[in-house]
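Engineer: So you can see what is in the structure, the chains are spelled out below.
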Amino acid sequence: MRVGIPRSLLYYKYLPFWKTFLVQLGLDVETSPLTNKQILSRGVEVAENELCVPVKAFYGHCMALRDRGVDAIFVPRVVSVEERAYTCPKFLGLPDMIGAVAGDLELPPLLSPRLNQREKPREFKHQLIEFARERFGLGRAAAVAALENARLAQKHYQQGLLSGRKPLDLLPTSRFNVPRRRPPRSQRRRIGLLGHPYNIYDGYLTQNLIARLEEMGAELVLPEMTDHRLLMQAATDVPKQLYWSYEKEIMGAVNIWTEKKMVDGIVYVLAFACGPDSLIQVLIEHRAREHRVPLMSITIDEHSGEAGLVTRIEAFTDMLMRQGRKKRTAA
Amino acid sequence: MRVTAPQMGNLHLMLEDLFRRMGVDYVKPPPSSTRTLELGAKYGPEFACLPLKINIGNFIEALEAGADTLVMAGGHGPCRFGYYGIVEERILRDLGYDFRFMMLEPFSDGAWAFYKTFEALSPGLSIRKLWKILKVSFAKARAFDSLYKRALEIRAYEVNRGDTTRALKEAEAVMAAADTREEIEAAAAESMAVIEAVDQDPGRDVLKVGIVGEFYLLLEPFSNFGLEEMLGHKGVYLERSVWVTDWIAPHRKNIIFGYPHRLIEEKAAPYLDQNVGGEGRETVGTTVIFAERGFDGVIQLLPFGCMPENIATSILPRVQQDHDIPVLTLTFDEQTGRAGMVTRVEAFLDLLKARRGSRLQAV
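If you read the sequences in order, they're chains S and E. The first sequence begins at 0 in numbering that gives the first Met the number 0 and counts up by one. The second sequence begins at 0 in numbering that gives the first Met the number 0 and counts up by one.
I should point out that these hints are in silico values taken from the structure, not numbers from a laboratory. A couple of the hints might just be wrong.
Only pairs whose alpha carbons sit at most 20 Å apart, straight line, appear in this in silico EDC-like list of lysine to aspartate or glutamate [unchecked claim]: (1) S:Lys239 to E:Asp93; (2) S:Lys239 to E:Glu104; (3) S:Lys239 to E:Asp108; (4) S:Lys119 to E:Asp108.
Kindly generate the complete structure, drawing on both the sequences and the hints.
Structural biologist: Put into structure tokens, the structure is as follows:
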């Protein structure tokens with residue numbers, strides 16, 4: 000059986016885990032292509048108008064997998080990845096949202112294990128073993144082994160991210176995000192790139208932002224380069240604990256970066272109509288102001304133009320580069 | 000200490016009663032107006048949902064009216080509502096306002112913290128006394144909700160346009176004066192009689208429409224341009240899925256709406272088998288319930304970008320197909336104009352009438 004994984008949303012976080020797990024279940028795994036014009040425009044056409052652009056793209060990725068003739072599409076229901084927190088409501092409802100259009104779009108069946116460890120830690124393990132046994136008739140030992148291998152693959156991936164490599168360097172992909180020329184290392188400025196992985200690492204949705212920033216003199220600092228535990232710890236420095244895990248990562252990153260002076264500036268990418276980001280944006284901008292770190296928020300949607308983006312990041316990096324030159328002459 | 004909380008429909012009547020019993024000086028925020036919304040849109044985050052923006056406007060206007068303590072309800076997601084308070088506080092402090100801020104977190108977080116929040120508002124309040132106050136005040140709030148529910152049904156049949164709304168005002172006054180448990184019981188009967196006394200035309204052929212969607216949009220007429228009253232005047236019998244007292248009551252039996260939460264979940268399950276926060280699952284489940292009860296149509300209201308409702312909106316087309324019930328989705332933000340909404344609603348009603356194949360008596 001060939002299973003398709005949409006190259007979208009949580010792909011950027013968990014692909015090594017999912018792929019290894021599914022392969023160990025005896026499935027052939029295929030991913031959809033990188034987001035492109037056709038994928039996005041098809042997604043925009045079928046998805047509800049008010050959804051954020053990455054979710055719209057997800058619809059398009061499912062259609063691309065259908066066109067490739069896969070037998071099933073893997074759309075897990077990731078409710079919660081830690082105690083007392085959720086992911087994002089849209090991930091909670093994703094299988095149902097795709098399911099609602101599956102008939103009209105003639106999508107293959109969805110594989111949607113429910114992953115929820117809000118009440119109990121390490122609950123994933125049982126839920127995935129259950130999934131492997133029920134859906135694929137695996138023995139308990141085989142399921143446990145599949146899970147262990149998946150965990151190792153994911154660990155390996157996260158170690159790569161910690162060392163500063165980007166998901167696109169580590170995940171199967173094309174050379175879409177490679178910068179052409181970069182200023183010499185001594186002149187670069189450290190820019191923290193903040194945002195959800197499925198936005199900032201999707202070169203199509205963010206108009207090749209990573210490569211552009213690097214070409215303009217950024218030495219990128221990414222949330223994934225900080226140990227996850229430290230990130231989560233730093234995220235607790237808010238008036239009330241956040242209950243969205245991925246927003247905690249963003250909040251944690253901005254807290255650590257500002258406190259330890261790890262960055263000269265921050266570029267914050269958020270999708271238009273992103274619910275959780277619309278609120279923590281207020282806290283993030285406040286935090287950056289308080290610590291006098293320049294921050295630029297970039298909102299993306301399906302209509303984002305390249306020219307507008309380039310002008311804005313150019314102005315921002317120019318400002319940081321000028322600051323850098325001043326500092327160097329003063330020293 | 001002068002305490003305020005955001006404006007939402009008739010919540011102030013319930014809060015007035017609760018705070019009076021607690022001996023708290025309550026500042027009722029001025030009714031939401033264009034200015035309220037303008038303040039909220041100006042200072043609120045761009046794509047935060049509409050209720051948050053109106054809240055900010057309410058708080059600013061209440062601070063201007065002399066409030067010094069702001070109370071906001073909390074929660075633990077995944078909907079944004081549980082985090083509103085933190086963001087609102089941050090924005091207001093950045094604007095330079097000085098105030099005390101309190102989040103009332105749900106009872107399930109811990110009874111002690113829940114009690115302490117009330118105790119901070121009314122120092123010396125004992126647990127026993129708080130419990131008694133909450134019980135009697137809640138009974139009164141429920142009596143209010145019963146009135147509003149009945150008014151939604153009756154308005155469609157009123158002979159003289161506006162009678163129900165006038166009767167409701169009168170009934171509210173009767174209800175508001177009640178204090179003891181006995182008085183509340185008597186006032187509930189008396190005020191209901193006031194509403195029942197509205198001159199009605201029982202033979203009128205009315206459309207039946209269910210109103211579903213996001214909590215705030217359903218409960219605050221300012222945010223939906225008085226949709227319910229407008230529909231009532233057009234002779235549409237209404238039932239609504241969301242009620243303040245149903246929402247507060249921990250047992251979730253939905254006494255006012257009439258269908259327990261468990262049943263709503265069951266009805267939603269074939270389409271959305273997961274709590275997605277807010278009223279997302281409830282919107283799907285109650286749409287099914289209205290369809291099964293033979294309603295002519297359903298109107299879904301939501302603030303622009305509401306996550307749970309956007310999920311429901313994505314799923315409702317399938318419910319419409321399976322249950323053969325038309326659903327009109329109306330999204331609101333600070334840009335929404337009344338005229339556009341009225342046009343869409345009228346077109347929808349025309350569709351429902353055509354489907355019925357019978358004439359609706361002109362009102």
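Engineer: Look at each hint and say if it fits the structure.
Structural biologist: Structure-based check of all given hints:
no., hint, in the structure
1, S:Lys239 to E:Asp93, "holds (18 Å)"
2, S:Lys239 to E:Glu104, "holds (11 Å)"
3, S:Lys239 to E:Asp108, "holds (13 Å)"
4, S:Lys119 to E:Asp108, "holds (17 Å)"
In this structure, none of the earlier numbered hints is contradicted; all agree with it.
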